[in-house]
Each structure stands twice: as structure tokens, then as C-alpha cells.
Amino acid sequence: MKGKWWKYLCIVLIFYTLIMGLLGKVPRLAIVNEGIRNLYFHVPMWFGMILILLMSVIYSIRYLRSGNMVDDIWAAESTQVGMIMGILGIITGMMWAQYTWGTYWHGDPKQNGAAIGLLIYFAYSILRGAIQDEQQRGRISAVYNIFAYACLIPLLFILPRLTDSMHPGSGGNPGFNTYDLDRNMRLVFYPSIIAWTLLGWWIVSLRARLRIVEEHLQEEKLEETFAD
Amino acid sequence: MIFQEILQLVRKDIQLELRERYAINSLLLYISSTIFICYLSFSLSGQNLPQPTWNTLFWIIMLFSSIHTISKSFGNEQLSRFYYYYYLSSPEAIILAKIIYNTILLSLIALMGLGLYSLVLGYPVQDHALFLLNLVLGTLGFSGTLTLISGISAKAGNNMTLMSILSFPIIIPMLLMLIRVSKQAMDGLDRSVSWDELLNLMGLNFIVIALSYLLFPYIWRS
Chain A
316 MKGKWWKYLC IVLIFYTLIM GLLGKVPRLA IVNEGIRNLY FHVPMWFGMI LILLMSVIYS
376 IRYLRSGNMV DDIWAAESTQ VGMIMGILGI ITGMMWAQYT WGTYWHGDPK QNGAAIGLLI
436 YFAYSILRGA IQDEQQRGRI SAVYNIFAYA CLIPLLFILP RLTDSMHPGS GGNPGFNTYD
496 LDRNMRLVFY PSIIAWTLLG WWIVSLRARL RIVEEHLQEE KLEETFAD
Chain B
409 MIFQEILQLV RKDIQLELRE RYAINSLLLY ISSTIFICYL SFSLSGQNLP QPTWNTLFWI
469 IMLFSSIHTI SKSFGNEQLS RFYYYYYLSS PEAIILAKII YNTILLSLIA LMGLGLYSLV
529 LGYPVQDHAL FLLNLVLGTL GFSGTLTLIS GISAKAGNNM TLMSILSFPI IIPMLLMLIR
589 VSKQAMDGLD RSVSWDELLN LMGLNFIVIA LSYLLFPYIW RS
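Chains A and B, in that order, give the protein sequences.
Going by my numbering, the residue at position 216 of the first sequence is 531; the numbering climbs one at a time, nothing skipped.
Going by my numbering, the residue at position 17 of the second sequence is 425; the numbering climbs one at a time, nothing skipped.
Heads up, a few of these hints could be off.
Reference excerpt, derived from the structure (chain B facing chain A, CB under 7 Å, subset only) [unchecked claim]:
#1 R429
#2 I432
#3 I560
#4 I573
#5 L574
#6 P577
Quick caveat, the hints were computed from the structure, so don't treat them as lab data.
If you're wondering where the values come from, they're calculated on a predicted model, not measured in any experiment.
Ideal placement from N, C-alpha and C gives every residue a C-beta, glycine not left out.
The shape of chain A in the complex, shown without the other chains (with noise of 0.2 Å):
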């Protein structure tokens, strides 16, 4: 039962965010109208597709030090999911945007951020597939792994600046915090980005469980041939 208290406090804010995200009490605002409501399934994306990518940095900087397999498997699956996460926050984002800017993709300096953080973590996925040894394959990915993210945050602090955004709080738009966002929005805005963390993360965790049991099924099968 211990350590699998945040599983079910998972279950218990994804309920709440869909539940709440979906017939709670919305400001009625010009143009983006119901559309506010995909605050709750957007914007969480974004900060589960950083913190998850941010865990997988740890865990490569672990597998640096420590030259252990598991470290490297829970990295690769950690960005596997965070790529998911970055998919499915375009695709929010560019039906937000159709509806309320009027184009799918509008040239917004954070949705070519978001794309060029995916082209980063595309990049990964071929050089690990470029590398047959497994010690190695992990090192050099763990390598490219940490050098990225830290490109990638620069990335999205200064794209914003250096263009205009049409994103509340940048380009001289008003943030969320300050009118829109009201009291009721954010006792269901900072839950979502919580349980949407925690999703990917159980996500991920189940990936990386069952990599390492084939990792040992095939170990031991081979040393079963070799028996023979």
C-alpha cells in the first residue's frame, strides 16, 4: 500500500479535473467563450511535459554516474512520454488556436518552441536508434539528453521575447492571473496540472516496469540457449 498513495490521488484529481474542467463555473469572456475551458487540458501538457522531462534528465545524469541499465530505461521512457505529452499539447493547442486566434498553426513563438522542443526529442529517439551497444547507447543519449534540455529551456525564455506572443501574459497581453483566471478557475487550473504530471509519470513508470522485465525475460532466455 505505501508509495501508491499518489496513484490514487491521481485517479482522484484526473476525475475531479474532467469532471470540474467540464461542468464547473467559467467566466463567459469574448471570443474564447467554453474554449476557457481547455485550460485545464492544454496548459497541465506543458508543465507535465517539462517536469517529466526534467525527470528524465535526472535520471540520465543518475545513469552517468552510475553505469546502472534501469536508470538509463526509466531516461529513454521518461522523454518517450514527455513527447507524448508535447504531441498532445500541440494538439490542443492548435484547436484552441483555430477557434479563438483562426488558424491551426499562427507562427506563435511558443508553438514553434513546442516544435522545436519535439524536433530535440525526435532527434533522440534516431540517435538511440543509431547505437547498437547498450552501455554506450545509454551514455551518448544520456549525454545528448542533458545538453538538450538545457538548450531547450534558454529556448523558451527567449523565443517569446524576441517576437510577439498572442499567449496571455506575453507580447502585452494580459496574463490569466490578472482578470481572467478567477478564484473558481484556479481551484481547478493548479489540481489539473497535478493530476496530468502525475498521469504521465504513471505512465511512464508502468513503461520502464515492463522494460525491465522483458530487459530479464531475454536474459534469462539467452543464458537458458546457452545452458543447452
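Fit chain B to the given chain A structure using the hints.
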């Protein structure tokens, strides 16, 4: 101690280069052909390119030449010599020496490239000092970022495609800052406008070089 080691390694690289003259000549030809292709493709007879196009095109040519130059950092030495040199010195010295050497090489190529580029496509820059400072920061940043990536792609089979796909997304923030400062230098804006970006660029350069220094030993030992 490490400074002497770095100095020795840089000297070794420069001597090798001066003896063979292969890399620098081929790179100069590479950048000249690229510039000439751009010039012919725009088919400008006497009139200049629009300023933003001039600027962006210059930096894109620089980016591709840099990737091309640096992708050879760890590939072109013979294997036996490679082992001999590199078991004598520490990985930290190797990466810093390679970054310094690549910066020198890139600055040379950038300056000559700029000369030829200005000759055929015009030179609409007003603040020369800022433009050159930006160019130097750019070559330092490119070599800081790309040298580590080149080490990574050398360990992963040394193919050019991998080098490009690994470096393009990572270099974008730096490239955008460089293009912005260089545009401000072209317009001759007051230097205080560019100060913020220059600081950001220096910060980025510091981050990538420090990370290369910290991370390179791990790929070297594998």
C-alpha cells in the same frame, strides 16, 4: 597544467592543418561555392538583396558551413594516431582544445566568407564593430555547441545526417539571437539596444561550453 595541455593540443591541430591544408581549403571552396550559388540563384544584376534576406542568408550559410566544418572534428585523424594522442591527455583538455581550434578555424572561414559574400551581395552594415563582435560570439557559440555534438555523432557511426539532426534544433536559440543582433548592427541602432541580446548570447556560450566540459569525458571513455 591543463592550460599547457590545451595549448599543446591546439598547436598540434594547427600544425596538422598547416601541413595538410586539406580541411581549410576544402571548407573555403565549400563556402565560396555556396555563396556563389546563392548569388547566381538570386540573379541580382547590380542591385542589392533586401536587408533581412541578406542577413538571414548570411547566417544560414554560416550555420551550414559550421556544421560541415565541425562534423570532421573527431573523424579525420588516423586511428592509431588518434589513440596515441588521446591516451596521453585528459578528455577535458581535448574538448577545450577542440573548441578553441574550431573557433579559430570558423572565425577564419567566417571572415573570408564575409569578404566574398560582401563582394557579390553587398555590405549594408552600419555598425561594423558590433557586427564583428557578434560574428566572433557566433563562431564561439557554434563551435561550443557543435563540437560536443560532433563527438556524439562520431561515437554513433559518424554520419552527416545524424550530426545535422542533432544540432539543428539545439542551435536555433543561438542562431535567432545572432540574426537579431546582426540585424541591429546592420541598421546601426544604438548599442544599448543590443546589450541585452549580447549578454544572453554570452550566457548561452558559457552554458554550452561548461556543459561540453562536464559531459565530454563520458562520451570519450565509451
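Checked hints:
1. R429: Given a least distance of 32 Å, the restraint on B/R429 is violated.
2. I432: violated (28 Å)
3. I560: Result: holds, 6 Å to nearest chain A Cβ.
4. I573: holds (5 Å)
5. L574: Constraint on B/L574 satisfied, holds at 5 Å.
6. P577: holds (4 Å)
The structure does not agree with the numbered hints 1, 2 stated previously, though it agrees with the rest.
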